[in-house]
Amino acid sequence: MSHLSCENITVRFGGVSACSDVSLSVKEGQVTGLIGANGAGKTTLFNVLTRFQESETGHVYFKGQNIDDKKPHDMAALGVTRTFQNINLFREQTTLNNILIGAHYMIGNPFSNMLSFPRARRNETKLVDRAHEIAELLGLEDHLDTLAGNLSYGHLKRVELARALASNPQVVLLDEPVAGCNDEETEDLKKSIRGLNKNLGISFFLVEHDMSMVMESCDYIYVINFGMNLAEGAPLDIQNNQEVVKAYLGEE
Amino acid sequence: MAAQGALIIIYVIASQGQAVLTGYTGLVSMGHGGFLAIGAYTSALLTYYFNIDLVVGILAGGIVSGVFGFVLALVFLRLSGAFMAIGTLGFAFFIGTIVNNIPFFQGRTGISLPSNRVFGVEIGDIGFYYVAVVLLGLIILFMYSLMRSGVGRAFKALRDSEKAAQSSGVNRWLFRTLAFSISATITGIAGVLSGHIVNYVSSEVYADIWYSADILMGAVIGGSAMLMGPIIGATFVVMVPFFLETMADFSYILKGAALILVLWIAPRGLAELIGRPFSRRRQKKLDKARGVT
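One line per chain: the protein sequences are D and U, in this order. Terminal number for the first sequence in this note's numbering: 252, no gaps in between. Terminal number for the second sequence in this note's numbering: 545, no gaps in between.
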């Protein structure tokens, strides 16, 4: 069953086609990957899926429903969150606050919230408890009071993920989750993603350059080249696909 | 003395209003003097024609100002950064020109107000001072609550990274508008007090653009993202001409220099600078408790 998908996506910037007639589907309960060279259109696709970018043609679907008219801020409530390639955390805020903002859509009525009415306060406590649980899941419970700007790179990556999980999402889109990570950090993240996928049933969509990570983490992979679908399939099929090897993986 | 104290409080409230928009939500407004004027004139006209209680004036001035803030947010929705700064400056000029030229507002001649009444009781300078203190207390309580709430988090998120805020679910239109409205309401309330403290409003004061500068400087010099910031900053802004005495005309040279100095050395404001040794100590304690080096 398709969780999040797009069909016939075309995006042009000026005269340049970033994406041409691209379609892909993130299947429920799976880890789906997207690989392609730099400039192949991955980021544009990412932004289309998260509604930051409009497509000239085609449609975006969530569980079969057309979500073309959704705004970026509607996605979290829908159950779709994302992380950013260049860590987009709020550096001047604590880890806890960074995670809490991920649960923003759960704050209820803004007026009772900002005036700290009793019900809003009880709600806040619930959100903070949730944030603690998520932090524990990702090994961040000792750093909740630390300002995000003071965290190590590996920890920052985990806070990004924690923030994306705060709203209880069904689908999480990861933009180069292990970019700049050393082997240990990469292994940790791989394990976390696998664990969240298996235990919480979260569907993942990840865009990555780290081939071993993609091949080991994903159930299904899409390859795009020059803004167009090149191939799709299970990791083994992709590795053996001659066109993919030629265009992207390199002859070995 | 009471009048001086009340004046400082008025500026503190005005700068707190500025801080909500600029410091916490990251939207630059250079026209908050406009909200000061709207608050002042709303209350002044109601008092002049209907002899209302000061409390009613405060509510009315705040609400009307808030509505203007809401409208302004809609108008400037697409703008940010420098363009919003220019737009808001334009707004201040606009309001100033209106109150100066449209006869209804009695321009430079001004509107004289009767003595202030709070819940029916007439109050003098000292009574007014207490009213100002109570108002400041309520506003600070509100801001304390706001900044620790989900709404406050949303404001700060929009400031620090709009894209990340949106993908976390923050509706940038809704919260921008909310920030603008709250900011305008608070500064509008300061405006009401500014007219009633001297029982007189005239466009000679409210068409003066420099008040927008004072409000902004009070917030920035003190620290627009901290609760204590505008208290320090606004006190400084008000006291400068007082200390310069005969050289009061040179006030803005000093204030301008202070602004540049602060932005250069301690951009987060004096309140943050003063608080640094305390926050460093707190961080060290936390690290120690956790066994982190």
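Hints are not guaranteed to be accurate.
[To be verified] Computed far set for chain U versus chain D, every beta-carbon distance over 12 Å: (1) L311; (2) L331; (3) G359; (4) I375; (5) V385; (6) L398; (7) A409; (8) L430; (9) V490; (10) L496; (11) F502; (12) A541.
[To be verified] List time: in silico DSBU-like cross-link candidates among lysine-lysine, alpha-carbon distance up to 30 Å: (13) U:K537 <-> D:K190; (14) D:K191 <-> D:K126; (15) D:K27 <-> U:K536; (16) D:K126 <-> D:K198; (17) U:K536 <-> D:K126; (18) D:K70 <-> U:K415; (19) U:K537 <-> D:K126; (20) D:K191 <-> U:K507; (21) D:K71 <-> D:K27; (22) U:K415 <-> D:K63; (23) U:K540 <-> D:K126; (24) D:K246 <-> D:K70; (25) D:K190 <-> D:K27; (26) U:K507 <-> D:K126; (27) D:K63 <-> D:K246; (28) D:K198 <-> D:K27; (29) D:K198 <-> D:K70; (30) D:K246 <-> D:K198; (31) D:K246 <-> D:K190; (32) D:K71 <-> U:K415.
[Unchecked claim] Under 10 Å between C-beta atoms, here's a sample of chain D residues computed to sit facing chain U: (33) I67; (34) D74; (35) T81; (36) R82; (37) F84; (38) L89; (39) S167; (40) R194.
These are computed hints drawn from the structure, not numbers from a lab. Each residue gets a CB set at the ideal place from its N, CA and C atoms; glycine is no exception.
Hints violated by the structure (numbers, ascending): 6, 7, 8, 12, 13, 15, 20, 24, 26, 27, 30, 33, 40
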